[in-house]
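Undergrad: Sequence:
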Amino acid sequence: MASPTDAGGGGRWQLLQPSIGISAMHMQLLNNDRVVIFDRTDFGKSNLSLPAGNCRRDPSEMALKVDCTAHSAEYNVITNTFRPLSVQTDVWCSSGSLMPDGTLLQTGGFNDGERRVRNFKPCSGTGASCDWKEVNMALAARRWYATNHILPDGRQIIIGGRRQFNYEFYPKSSDKNVHSLPFLVQTNDKGIENNLYPFVFLNVDGNLFIFANNRAILLDYARNQVVRTYPQIPGGDPRSYPSTGSAVLLPLKNIINSNNVEAEVLVCGGAPKGSRAQAEKGIFLPALNTCARLKITDPKPNWVVETMPSARVMGDMVILPNGNVLIVNGAGSGTAAWELGRNPVLNPVIYRPGNKIGSRFELQNPTKIPRMYHSTAVLLRDGRVLVGGSNPHIGYRFSGVLFPTELSLEAFSPSYLENPNLRPTIVSPGSQTQLRHSQKFTVGFRFSGNLNPNSLSTTIVSPSFTTHSFSMNQRLLELPKTGAVRSLGKSTYQVEITTPSSGNLAPSGYYLLFVVHQEIPSQGIWVHIS
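Take the sequence shown: its position 356, counted from the start at 1, is 355 in my numbering, and no numbers get skipped.
The set of hints was computed from the structure by calculation and includes no laboratory data. A hint or two may mislead.
[Stated by the list, open to error] For lysine to aspartate or glutamate, the following EDC-like pairs were computed, each having C-alpha atoms within a straight-line distance of at most 16 Å:
#, residue 1, residue 2
1, Lys294, Glu279
2, Lys252, Glu417
3, Lys120, Glu133
[To be verified] Distance windows between CB atoms, simulated:
#, residue 1, residue 2, range
4, Trp337, Thr491, 34 to 40 Å
5, Thr78, Asn118, 21 to 27 Å
6, Cys54, Lys132, 15 to 21 Å
7, Gly8, Gly482, 33 to 39 Å
8, Val184, Gly448, 55 to 61 Å
9, Thr102, Ser48, 22 to 28 Å
Since we're looking at a predicted model, the values are computed, not measured. C-beta atoms are modelled at their ideal positions from N, C-alpha and C, and glycine is treated no differently.
Based on the sequences and whatever the hints tell you, model everything.
TA: This is the structure:
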């Protein structure tokens with residue numbers, strides 16, 4: 000096992016749970032500060048028991064026909080506790096995203112799960128009324144390694160998957176069809192694929208940016224037309240599964256008029272061509288050590304390439320409340336898939352998109368736990384990042400292997416949490432506030448230091464569905480101020496801001512709202528925009 004690399008500039012790790020009984024292959028934060036976590040069901044027994052008599056009975060299951068262990072759990076962030084959930088069909092390498100009402104819509108998987116839709120609605124109970132609900136044969140095509148994204152009209156689009164060169168929508172309403180997407184044929188490397196879990200982002204014009212392998216398009220999904228083809232990423236190496244880099248849509252700013260908003264995508268890491276074939280022979284090629292940025296709204300966009308502090312494959316990218324990006328988890332060589340990664344990268348990196356090129360990366364303090372294949376990371380309301388998972392084996396293996404199955408949960412606290420006295424505190428509105436698009440509203444906050452109004456911003460972040468090194472539906476918007484910051488006395492201030500103007504910028508749903516002063520965010524509050 001690799002030893003930690005040199006300690007970086009900041010950040011702190013905390014072990015939250017030594018074991019939650021399952022490995023966190025998929026994670027989604029809900030608007031009640033609970034995280035739904037799940038693994039595949041065909042591993043055999045997990046280390047988390049279901050309530051008595053609540054066994055899963057599935058004659059088509061390949062591991063256990065009767066399974067009395069859980070393969071999903073709900074983690075309560077506030078109390079640092081967890082409970083088993085009962086998922087009925089195989090969610091291995093599935094996808095998902097939140098619906099506008101905050102329900103997790105979770106789609107596809109393997110075997111009996113490949114055309115299933117599962118719903119998990121935020122709730123406070125502990126029994127059958129607060130658990131997964133499943134709908135059989137709800138998808139038009141089998142979805143395994145697909146990507147979901149919420150759309151401005153509240154539907155989800157489900158794109159691709161193994162041997163699926165198409166997309167569909169859910170709920171079905173009037174469109175029950177599967178729509179052909181030749182781009183996924185063009186990016187399919189025979190025998191390896193390298194176009195699974197494509198990186199998908201809603202552009203500010205309402206079209207979808209889709210990146211697979213080493214190329215990207217802009218898709219008008221309503222008309223099923225490619226309206227733009229972007230240049231190939233420099234070097235031509237693949238970045239999507241199983242070459243598994245990661246990607247984010249960088250913060251959207253100046254959003255008063257969506258016609259003038261710049262949108263920029265950042266793609267980091269991955270594995271060079273031929274990595275999987277070599278790894279299967281026991282030769283583990285160094286991962287890619289580059290990131291590439293592309294302004295997808297520019298008339299003539301070109302990728303700008305930067306070098307990371309270290310190479311990384313299977314890394315997760317998490318947008319922090321201040322607009323910086325955390326790159327965490329992964330390996331320094333090899334590729335995704337069973338047993339094919341080596342040299343765990345234990346040091347996260349902070350990427351500062353607003354800095355000049357050459358000064359954007361900051362190495363962070365290392366974890367002691369390798370997070371390899373099937374690791375995850377999600378932003379929490381308090382500004383920490385929840386990190387879990389890592390299981391490169393077909394089944395749970397805790398000894399006799401390079402990287403044992405990991406059932407723990409950790410939290411990474413960025414350096415902005417080091418001094419609580421420098422954090423703003425939101426006092427109004429209250430959490431779960433209902434807002435509309437293009438609505439002016441006032442945020443009240445306390446701050447005991449010397450306030451610099453020019454260094455104050457308000458951001459909203461959508462909670463993402465994370466699996467296989469990609470956070471689906473992740474986006475951050477900086478809300479425009481409509482007036483000066485006002486002092487109300489006793490270290491209390493207020494600022495009037497405006498919500499995004501349309502679902503193209505911010506699809507209806509729940510967001511975490513933060514007040515940020517000199518890159519230090521408050522705790523977030525939940526707001527709902529519709």
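Undergrad: Which numbered hints turn out to be false for this structure?
TA: Hints 1, 2, 4 contradicted; others consistent.
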